[in-house]
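Engineer: Please build the complete structure, drawing on both the sequences and the hints.
Residue numbers (the working numbering), protein chains in the order written: chain A, 1 to 248; chain B, 1 to 326.
Read the hints as simulated data drawn from the structure, not as lab findings. Note that beta-carbon positions come from the ideal geometry of N, C-alpha and C, so glycine has one too. One or more hints might be untrue.
Which stretches of chain B does chain A cover? Using the computed rule of at least three CB atoms under 8 Å from a CB of chain A, they are [unchecked claim]:
#1 52–62
#2 79–91
#3 100–111
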Amino acid sequence: MSEILGIYTVWLREMIRYFRQKERIISSLTMPIFWLLIFGGSMRTSIDIGSVDYNSFIAPGVVAMSILFTSIMSGISVIWDKELGFMKEMLVSPVSRFSIVLGKALGTATTAVIQGTMVMLISLIVGLEISFVTFISVIPLMVLISLGLVGIGISIASLMDNIEGFQLIMNFIVMPMFFLSGALFPINNLPSVLRVVTYVDPLTYGVETLRYTIIGVSNIPFGISLSVVIGFSLLTLSVSAWLFSRRK
Amino acid sequence: MNVIEVKNLTKIFNGDFKAVDNVNFSVKKGEVFGFLGPNGAGKTTTINMLCTLLKPNSGEATICGNDVNSDQREVRKCIGLVFQDTTLDDRLTAKENLELHARLYAVPKDKRKERIDKVLEIVDLKGREKSIVKTFSGGMQRRLEIARGLIHYPKVLFLDEPTLGLDPQTRKHVWDYIIKLKNDYNMTIFLTTHYMEEADELCDRIAIIDHGKIIALDTPKKLKESMGGDTIILDVDDKDIDKALKLFKGSKRFDGQVLLSVKNGGKKIEDVLEKCKKNNIDVIEANIRKPTLNDVFLKMTGREIREETVGLKEQLRRRRMRRHRR
Chain A
1 MSEILGIYTV WLREMIRYFR QKERIISSLT MPIFWLLIFG GSMRTSIDIG
51 SVDYNSFIAP GVVAMSILFT SIMSGISVIW DKELGFMKEM LVSPVSRFSI
101 VLGKALGTAT TAVIQGTMVM LISLIVGLEI SFVTFISVIP LMVLISLGLV
151 GIGISIASLM DNIEGFQLIM NFIVMPMFFL SGALFPINNL PSVLRVVTYV
201 DPLTYGVETL RYTIIGVSNI PFGISLSVVI GFSLLTLSVS AWLFSRRK
Chain B
1 MNVIEVKNLT KIFNGDFKAV DNVNFSVKKG EVFGFLGPNG AGKTTTINML
51 CTLLKPNSGE ATICGNDVNS DQREVRKCIG LVFQDTTLDD RLTAKENLEL
101 HARLYAVPKD KRKERIDKVL EIVDLKGREK SIVKTFSGGM QRRLEIARGL
151 IHYPKVLFLD EPTLGLDPQT RKHVWDYIIK LKNDYNMTIF LTTHYMEEAD
201 ELCDRIAIID HGKIIALDTP KKLKESMGGD TIILDVDDKD IDKALKLFKG
251 SKRFDGQVLL SVKNGGKKIE DVLEKCKKNN IDVIEANIRK PTLNDVFLKM
301 TGREIREETV GLKEQLRRRR MRRHRR
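Structural biologist: Next up, the structure:
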């Protein structure tokens, strides 16, 4: 019982901090807006991807991107807590390391869902047409995708002690992950070498589940994508909990 | 029963640096136990092992009967900590910080408000609970941190340099609070400080640690007594210095003065002055100096306890953090 309270407490703190930093919320929306409005708006006339409008095609990809960026922030937040000292406050409390990781993960996933939802709303403005039921059913998917990415963030943060190192590694992970995920183009049109790489990228499966749910198009069967997303989340969260719990 | 029991505790960093080397001590219930030592002597490392943040390489330690290696959760339940560096969330309000702490320690919901109100009152921060911690001065943050460490009624309170970097007035305040709390809650206090007078005044017993080893452990009174009595300082006319040195066996010359080690300096000084008069030694001034804890420290470690350099390090850290915060 006290562990659940502990998870809730760590989650609650993430929420208070998130809503207190209004600038962060706004600035994290600028990138998705640029992709949707400028990139999507200008490329739609020159790219033909068959039955769907290009703007609608990339909308799920941009939602995934927004989840990716927000979720990876969990790592920054862990390092930040180490620097600020608040991490010590949590570590010497009776709450287990596992619960701290879970609280952080759920907190970040919640913010990712909020961000993702806002991006969806923006997509509606630029022409995406979806039903209310679809809109709601995307939320659990966003949580699952986010948890897997949060796991990566916390894992790397557990191995690092400074923000600089984290950012360096993140640049090598986040951008390739985004561009190779098929967020902006259909993966079955790719040359075979690149296609293999996209199949290795875990975000590909996230984008696929979202795209299937939102516009009914996918290259990989939904069942497979969903299984990969769930499996990946379980894996990275377990690894991050293990790395985080190690004592020197 | 001993609240803290430490046996052969050892921590080795990087394979060969013994930060804490085979340390043994025990702390009784309700005691204020002081842990003194120069920078890098192993004070914080010891505390970190006792509060389960670091894993000892060998040896064992129990807190309230719970082993720090196997019953970590139980250990953490019965201790409170105030670290050298701040561990508050400075984006949250004072009250939010306290509430989070109460939840982390599973303080029952119906008692949270009452306890938060009480600790805020004790540290004189009532009325400021809705302010963001960032806007607090260093002294206020420290007080808030101490308040936070008390919400779950810890049996043992660890204070790692609790008054570091505070001005003398605030330091006194903080100590008044801590002593009041100790009496109110019957807590055991484990304290590190490099303010010798503080340790002398507050601690029931003191352990002096240097290079990871405990080199002395006793009451402040006995530690000072071990110095072999008082020092009489005679400031005599320059021409008489040699005469005085010859007259008093075992006296030393230091900085143009004659130093004599004696027991019960207050009684002896009369005899000394009498003797000087008889031998026509012109005494300008005579003083008695009681040994201080600083003298003990100096004798034991061969050096003066240095001012902590954390101030500068902390400043750099803060600056680095500000840069990233944008």
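Engineer: Using a Cβ cutoff of 8 Å, are there at least 3 residues of the region 79–91 of chain B near chain A, or does the coverage claim fail?
Structural biologist: holds (count 10)
Engineer: Can the region 100–111 of chain B be counted as covered by chain A under the rule of three residues or more with Cβ-Cβ separation shorter than 8 Å?
Structural biologist: holds (count 6)
Engineer: Holds or violated: the region 52–62 of chain B covered by chain A, criterion of 3 or more residues with Cβ-Cβ distance under 8 Å?
Structural biologist: It holds, with 4 qualifying residues against the three required.
Every hint, counting from the list given before, is met by this structure.
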